[in-house]
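Student: What follows is each chain in one-letter form.
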Amino acid sequence: VVGTAVALLAATVGVPAAQGVAPMPVTATFVVEQRVALTLSSATLTFPDANPETQPQLGALEGPLTIRARAAGQPGTTAVLTLQASDDLRSGLDVIPAGAITWTASGPGFVPGTLSSTTAQTVGTWATPGQHVGAQTFLLANSWQYAVGSYSVRLTYTLVTP
Amino acid sequence: MNAMSGNRIGLLSCFLLLGCASVASAQRSALEVTPAAFSFPSADPDTTPVIDAPPLQVHYRVTGNPAQWMITVRAQDALTSGMSTIDVSNESWTATPAPPFNSGTLSTMDQTLAQGTGNAHAFASVTFSLRNSWNYSAGTYSQTLIFTLVTP
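One line per chain: the protein sequences are P and F, in this order. Its first residue numbered 1, the first sequence is counted upward by one per residue in my numbering. Its first residue numbered 1, the second sequence is counted upward by one per residue in my numbering.
Keep in mind the hints are simulated off the structure, nothing from the lab. Idealized CB from N, CA, C, for every residue including glycine. Where hints are given, some of them may not hold.
[Unchecked claim] Between beta-carbon pairs, the in silico distance windows are:
no.	chain 1	residue 1	chain 2	residue 2	range
1	P	Ala120	F	Glu32	31 to 41 angstroms
2	F	Ser125	P	Thr27	10 to 20 angstroms
3	P	Thr66	F	Thr47	33 to 43 angstroms
4	P	Ser106	F	Ser125	47 to 57 angstroms
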């Protein structure tokens, strides 16, 4: 009889099905804030002097400007990158209109355009979220009408997501 | 006469032993994970490609000297914010002491967080990490993780 009891005990303890305490739920949260970031391959663009007859279009010495735009926005929204000149190119009292600078574009969402000092021009648009890499190749329309001098202007890129 | 007495004693022993086995089984394990909620801090993916959450403390106790015990963890679902999701494969953990704890990648299937044999009673620290990305939509994401202590 004692042997039977031991056998029953062994059968009870040896049940192969797994047991366990009640599962412990733990809640994880993560807040993704709306944010944008922009990286340019160069902070300057330099157009070299050249004969307008042989070089009617001047390319920047820095070559194509590589842009990396990142945007974490609300789903279904669009990130927009724009470019605006602070003024025309100026050298003392001499002026080259900002519109003399144009660009071609490469990369998904990047578009060509013409610089303006009065209106921000679109460089690219993308659905958010995501990061996008492209390039702008700037050209300056050369002319005999430009007075001798060293011209400069500040360009401002703005990346926004609603 | 003697044989009947022997049977009665034997049956009594049987019930007592079964009762003891039942009690021992019910007290075999305990698991506590604190805190019951944690957050991955918001961070710029450029500067913080991997986000560490504050560590969780796991308190476990195994009695009854089982041949094997195991603590598992799984996610009920992806990190979710409305229609936006972050796949659980972007989440991993590290844990100490190792062993019996080990590191791993989160899944919606049970993953082994720790395992051992025999009795155990200890505290452990588990830190979850999230791969950060610009591909996550803005929003407040949440998910439920399930910790389970399993004994045979």
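Student: Now tell me if each hint is right for this structure.
Tutor: Verification of the supplied hints:
The supplied range of 31 to 41 angstroms is broken by P:Ala120 and F:Glu32, whose beta-carbon atoms lie about 57 angstroms from each other. The given range of 10 to 20 angstroms is respected by F:Ser125 and P:Thr27, whose C-beta atoms sit roughly 19 angstroms from each other. Checked against the hint of 33 to 43 angstroms, the pair P:Thr66 and F:Thr47 fails, with Cβ atoms roughly 20 angstroms apart. For the pair P:Ser106 and F:Ser125, the beta carbons lie near 49 angstroms from each other, so the given range of 47 to 57 angstroms is met.
In this structure, the earlier hints numbered 1 and 3 are contradicted, and the remaining ones agree with it.
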